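J.: Chains as they are written, first to last, in the numbering used here: chain D, 1 to 170; chain B, 1 to 170; chain X, 1 to 170; chain W, 1 to 170.
Over the 10 Å line for every Cβ pair with chain X, so calculated as not near, a few chain B residues:
{"id": "1", "residue": "19"}
{"id": "2", "residue": "29"}
{"id": "3", "residue": "33"}
{"id": "4", "residue": "37"}
{"id": "5", "residue": "49"}
{"id": "6", "residue": "62"}
{"id": "7", "residue": "76"}
{"id": "8", "residue": "77"}
{"id": "9", "residue": "78"}
{"id": "10", "residue": "144"}
{"id": "11", "residue": "145"}
{"id": "12", "residue": "146"}
Pairs of lysine-lysine, DSSO-like flavour, derived with a Cα cap of 30 Å:
{"id": "13", "chain 1": "X", "residue 1": "6", "chain 2": "B", "residue 2": "40"}
{"id": "14", "chain 1": "X", "residue 1": "40", "chain 2": "B", "residue 2": "39"}
{"id": "15", "chain 1": "W", "residue 1": "40", "chain 2": "D", "residue 2": "39"}
{"id": "16", "chain 1": "B", "residue 1": "3", "chain 2": "X", "residue 2": "52"}
{"id": "17", "chain 1": "X", "residue 1": "162", "chain 2": "X", "residue 2": "39"}
{"id": "18", "chain 1": "X", "residue 1": "152", "chain 2": "W", "residue 2": "152"}
{"id": "19", "chain 1": "B", "residue 1": "152", "chain 2": "B", "residue 2": "55"}
{"id": "20", "chain 1": "X", "residue 1": "39", "chain 2": "B", "residue 2": "3"}
{"id": "21", "chain 1": "X", "residue 1": "6", "chain 2": "B", "residue 2": "3"}
{"id": "22", "chain 1": "D", "residue 1": "40", "chain 2": "D", "residue 2": "152"}
{"id": "23", "chain 1": "W", "residue 1": "52", "chain 2": "D", "residue 2": "6"}
{"id": "24", "chain 1": "B", "residue 1": "52", "chain 2": "B", "residue 2": "39"}
{"id": "25", "chain 1": "D", "residue 1": "6", "chain 2": "W", "residue 2": "36"}
{"id": "26", "chain 1": "X", "residue 1": "36", "chain 2": "X", "residue 2": "6"}
{"id": "27", "chain 1": "B", "residue 1": "3", "chain 2": "X", "residue 2": "50"}
{"id": "28", "chain 1": "X", "residue 1": "50", "chain 2": "B", "residue 2": "9"}
{"id": "29", "chain 1": "B", "residue 1": "39", "chain 2": "X", "residue 2": "9"}
{"id": "30", "chain 1": "X", "residue 1": "52", "chain 2": "B", "residue 2": "9"}
{"id": "31", "chain 1": "X", "residue 1": "3", "chain 2": "B", "residue 2": "40"}
{"id": "32", "chain 1": "X", "residue 1": "146", "chain 2": "W", "residue 2": "3"}
{"id": "33", "chain 1": "X", "residue 1": "162", "chain 2": "X", "residue 2": "3"}
{"id": "34", "chain 1": "D", "residue 1": "9", "chain 2": "X", "residue 2": "9"}
{"id": "35", "chain 1": "W", "residue 1": "39", "chain 2": "D", "residue 2": "3"}
{"id": "36", "chain 1": "X", "residue 1": "36", "chain 2": "X", "residue 2": "55"}
{"id": "37", "chain 1": "X", "residue 1": "36", "chain 2": "B", "residue 2": "39"}
{"id": "38", "chain 1": "X", "residue 1": "40", "chain 2": "X", "residue 2": "9"}
{"id": "39", "chain 1": "X", "residue 1": "36", "chain 2": "B", "residue 2": "9"}
In short, the hints are calculated from the structure, not lab data.
Only a predicted model underlies this, so the values are computations on that prediction, with no experimental measurement involved.
Every residue, glycine too, gets a C-beta built ideally from N, C-alpha and C.
What follows is the residue order along each chain.
4 protein chains.
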Amino acid sequence: MEKVNKIIKNSYIHSLENCRNGDQIEEIEAIQNVIKNSKKIVVATSNGKKFKVVKNIILKVLDNHCNDNNQNNVNIEMLDICTNSADLTRMPALTKGLIAVDITDADLIIARGRLGIAGSGSLLLLMDGKGRILTGAMSPSSIIHKESIEHKMEFELLQALKKIGIMVEL
Amino acid sequence: MEKVNKIIKNSYIHSLENCRNGDQIEEIEAIQNVIKNSKKIVVATSNGKKFKVVKNIILKVLDNHCNDNNQNNVNIEMLDICTNSADLTRMPALTKGLIAVDITDADLIIARGRLGIAGSGSLLLLMDGKGRILTGAMSPSSIIHKESIEHKMEFELLQALKKIGIMVEL
Amino acid sequence: MEKVNKIIKNSYIHSLENCRNGDQIEEIEAIQNVIKNSKKIVVATSNGKKFKVVKNIILKVLDNHCNDNNQNNVNIEMLDICTNSADLTRMPALTKGLIAVDITDADLIIARGRLGIAGSGSLLLLMDGKGRILTGAMSPSSIIHKESIEHKMEFELLQALKKIGIMVEL
Amino acid sequence: MEKVNKIIKNSYIHSLENCRNGDQIEEIEAIQNVIKNSKKIVVATSNGKKFKVVKNIILKVLDNHCNDNNQNNVNIEMLDICTNSADLTRMPALTKGLIAVDITDADLIIARGRLGIAGSGSLLLLMDGKGRILTGAMSPSSIIHKESIEHKMEFELLQALKKIGIMVEL
Numbered sequence: 001m002e003k004v005n006k007i008i009k010n011s012y013i014h015s016l017e018n019c020r021n022g023d024q025i026e027e028i029e030a031i032q033n034v035i036k037n038s039k040k041i042v043v044a045t046s047n048g049k050k051f052k053v054v055k056n057i058i059l060k061v062l063d064n065h066c067n068d069n070n071q072n073n074v075n076i077e078m079l080d081i082c083t084n085s086a087d088l089t090r091m092p093a094l095t096k097g098l099i100a101v102d103i104t105d106a107d108l109i110i111a112r113g114r115l116g117i118a119g120s121g122s123l124l125l126l127m128d129g130k131g132r133i134l135t136g137a138m139s140p141s142s143i144i145h146k147e148s149i150e151h152k153m154e155f156e157l158l159q160a161l162k163k164i165g166i167m168v169e170l
Numbered sequence: 001m002e003k004v005n006k007i008i009k010n011s012y013i014h015s016l017e018n019c020r021n022g023d024q025i026e027e028i029e030a031i032q033n034v035i036k037n038s039k040k041i042v043v044a045t046s047n048g049k050k051f052k053v054v055k056n057i058i059l060k061v062l063d064n065h066c067n068d069n070n071q072n073n074v075n076i077e078m079l080d081i082c083t084n085s086a087d088l089t090r091m092p093a094l095t096k097g098l099i100a101v102d103i104t105d106a107d108l109i110i111a112r113g114r115l116g117i118a119g120s121g122s123l124l125l126l127m128d129g130k131g132r133i134l135t136g137a138m139s140p141s142s143i144i145h146k147e148s149i150e151h152k153m154e155f156e157l158l159q160a161l162k163k164i165g166i167m168v169e170l
Numbered sequence: 001m002e003k004v005n006k007i008i009k010n011s012y013i014h015s016l017e018n019c020r021n022g023d024q025i026e027e028i029e030a031i032q033n034v035i036k037n038s039k040k041i042v043v044a045t046s047n048g049k050k051f052k053v054v055k056n057i058i059l060k061v062l063d064n065h066c067n068d069n070n071q072n073n074v075n076i077e078m079l080d081i082c083t084n085s086a087d088l089t090r091m092p093a094l095t096k097g098l099i100a101v102d103i104t105d106a107d108l109i110i111a112r113g114r115l116g117i118a119g120s121g122s123l124l125l126l127m128d129g130k131g132r133i134l135t136g137a138m139s140p141s142s143i144i145h146k147e148s149i150e151h152k153m154e155f156e157l158l159q160a161l162k163k164i165g166i167m168v169e170l
Numbered sequence: 001m002e003k004v005n006k007i008i009k010n011s012y013i014h015s016l017e018n019c020r021n022g023d024q025i026e027e028i029e030a031i032q033n034v035i036k037n038s039k040k041i042v043v044a045t046s047n048g049k050k051f052k053v054v055k056n057i058i059l060k061v062l063d064n065h066c067n068d069n070n071q072n073n074v075n076i077e078m079l080d081i082c083t084n085s086a087d088l089t090r091m092p093a094l095t096k097g098l099i100a101v102d103i104t105d106a107d108l109i110i111a112r113g114r115l116g117i118a119g120s121g122s123l124l125l126l127m128d129g130k131g132r133i134l135t136g137a138m139s140p141s142s143i144i145h146k147e148s149i150e151h152k153m154e155f156e157l158l159q160a161l162k163k164i165g166i167m168v169e170l
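Bound conformation, chain D alone (with noise of 0.2 Å):
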């Protein structure tokens, strides 16, 4: 967390002195470690289909990284109360992790819903314990890519991961 606020910090210095030159590359490392070093992590779904998806490739993240590491130490769990209320705002995925931030003490947040009004497709986003957005993928609107939710939600947790340089082998 402190090397976040870190991070952050320093970005905001340079945009405030007009010398932010792109991303660093420490930037990405921090938000890898944020990833791979989480231990409590809520998929903002009560979904359980859509849990399994994430819940199988996340732990693969976590073992790639630390390998002496007890994987019973990590915690992966669900929402146990309904986020439908989010797609009466205006960014429904942001909204479902924000409940998730608010009602649990994750460190880490996966969050899926619609990325704004109905039919502008879904959006996938990595969030950590404050709500800050670490990395995230978008899909079609259902009625164009024609796929089924898993398959779509698996394809869009890669992809974030891979924005990021974490690559993932299933």
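Here the structure of chain D is known, so what remains is to put chains B, X and W in place on it, guided by the hints.
T.: Just chains B, X and W now, with coordinates in the frame of chain D:
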């Protein structure tokens, strides 16, 4: 505008009644119509190069749709104020778009910026005049992709349009 | 709308140049004008009692301003969908207001709900058709004040209007 | 933190089941406890005068509660970066608070800034380390009240604390 209000309201009612069943074809069509019929378009950037990329694509979208439309009716502008301040917010791309919503009378806004914290990659959003999100696309952090920003922006805009069924040939 | 866009843009430019020096009288006047000249007003509630309180006050504000205005031109409505879902968001009052922004063509929205987390008290907001916040007022949690919600809402709306220089006599 | 998560979750469940019946006394108490037990407090300003006003009051709140507490355990700081960029967002006070949330490890943040658009008056917010809003207070635009900012800030902070049942004598 009226049509979109109704589409959103219907989706809200379906969510409240727990009978929403994925996106509807009318929803995609309503989004397409907002984009194709927009008369005042603002690109939330003060960078001439980025503006040109977006303008080039958006004019084709309007063209394809309205053959007998006098193109002079359409107005595409960039912002004449700096939007770097958005980088000190949780979702820079969204904040940039809202700056354009709040200081212009555009009915279509195209904004691009960081998705979340430093290192999280970029997000391109298409928003209507109220700031509602119509579609979007993402790229990895520039440190990962190593391509020019103009090239990335072109790719993202084409992808965002394709996601809602608008194909553009360059 | 045009006028407000310009007022906001000017304030942004002054902030960017570090020469903003507190609020200007034109800014207050622009806010007053949005409220007094609104033609379609939506109260973001489906509660008839709350609606009546707001309607009663708002009609007086419009009246005072436009003596020779045909009041029939003005349309005040409440929402016909439930907004309780907003209580699962970080700022319920704001979320309720945005529901009204997104599903109606109102040019003035009055929303009231919780300020933040449970126990944080209530917030009343006046927003324009794009969701921009014009003014507002707060009350403590009902557990602290023990007054009727209608009474509190009346007090808050009068206070919110007074804050921007609009006095209403009941 | 744990306690607040639970309180928020319960309020969400009650809202989902349509059986929420106003704020509960435990909710107010939980908010009081977050404030009184905070160890690292950040005032989201780089203005020394404003900081002093807030520090003075907050230390009394902590004092009252923990008689045998070593005050040295408590750390009150202001931000060492400029937060003016927040004025180019829809809710400057909220944005300032989130800057503090995102670049520090504070467990209590006090932020003050504009409520909404230029002219809309000011908002003071108390937030926890995740950015959740605990309480707040408002003042009219400075052009209406004509008092010093320090005086107003003192008044607002006392009011925000009083709203959740914390009385402070100066």
